[in-house]
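*Asks:* Chain A is already provided as a structure; the job is to place chain B on it using the hints.
Next come the chains, spelled out residue by residue.
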Amino acid sequence: EDKVVQSPLSLVVHEGDTVTLNCSYEVTNFRSLLWYKQEKKAPTFLFMLTSSGIEKKSGRLSSILDKKELFSILNITATQTGDSAVYLCAVLDSGGSNYKLTFGKGTLLTVNP
Amino acid sequence: DTAVSQTPKYLVTQMGNDKSIKCEQNLGHDTMYWYKQDSKKFLKIMFSYNNKELIINETVPNRFSPKSPDKAHLNLHINSLELGDSAVYFCASSQVPIDLSSYNSPLHFGNGTRLTVT
Chain A
1 EDKVVQSPLS LVVHEGDTVT LNCSYEVTNF RSLLWYKQEK KAPTFLFMLT SSGIEKKSGR
61 LSSILDKKEL FSILNITATQ TGDSAVYLCA VLDSGGSNYK LTFGKGTLLT VNP
Chain B
1001 DTAVSQTPKY LVTQMGNDKS IKCEQNLGHD TMYWYKQDSK KFLKIMFSYN NKELIINETV
1061 PNRFSPKSPD KAHLNLHINS LELGDSAVYF CASSQVPIDL SSYNSPLHFG NGTRLTVT
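Just so you know, the protein sequences line up as chains A and B, in that order. Taking the working numbering as reference, the numbering of the first sequence is continuous, increasing by one, and the terminal residue is 113. Taking the working numbering as reference, the numbering of the second sequence is continuous, increasing by one, and the terminal residue is 1118.
Treat the hints as calculated values from the structure; they're not laboratory data. Every residue, glycine too, gets a C-beta built ideally from N, C-alpha and C. It is possible that part of the hints are untrue.
Computed, partial: chain B to chain A, Cβ under 10 Å [as the list claims (entries may be wrong)]:
1) 1044
2) 1048
3) 1050
4) 1094
5) 1096
6) 1105
7) 1108
8) 1112
Selected chain B positions facing chain A (in silico; Cβ < 7 Å) [to be verified]:
9) 1026
10) 1041
11) 1042
12) 1046
13) 1100
14) 1107
15) 1109
Below, a list of computed lysine-lysine pairs in the PhoX-like style, where the Cα atoms sit at most 25 Å apart [to be verified]:
16) A:3 / B:1036
17) A:37 / B:1036
18) B:1044 / A:105
Next comes chain A alone, as it looks inside the complex (with noise of 0.2 Å):
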């Protein structure tokens, strides 16, 4: 069965910190990794990972994936409030033309002023 496992399950920083999130993976036939946001609805999309070693950016976010050891760290640098939400790591898998994106249970990130 595929297992995507996140930590920490929650995290409680001020703002400015530095956060690091991890997420590991075991998949049959992995296509990529992404990171979702989740504040109060659905979640909302971050990054896309499909090669190792190579670090996506977007402002103060960025990620990163190694394939060999088979997880994926998301970075937050300069903390706002606004960060505060649930982190969702997700592996994308297929058989075929079958996709199944299989979730982690997420990191809970508040921010505190």
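*Replies:* The following block gives chain B in isolation, referenced to the frame of chain A:
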């Protein structure tokens, strides 16, 4: 011009009732999904349909019956509702094959239906 729309947004009902949630996408995608998110925010796939054909069914009780009248619609009917069915249900769609070089999410999510069973 909402891409993936679900109705209703909220559904409160009593145990034992039967209810339906509707989902429609106007993206021209071939594949649609239902996900269940529990109170701890764990998002778990329930079903996937490709061109009206069921392709993923993840050990969901048979009280849950998805129906896809056409590739733009995937509805979820739930019989004999139980307390444990209380959750947020998300519909999503994607085009296959998925473009792994895209800067966008491969899945487009609806805004969810919050189901409360009392």
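*Asks:* Tell me, which hint numbers fail for this structure?
*Replies:* 9 and 12
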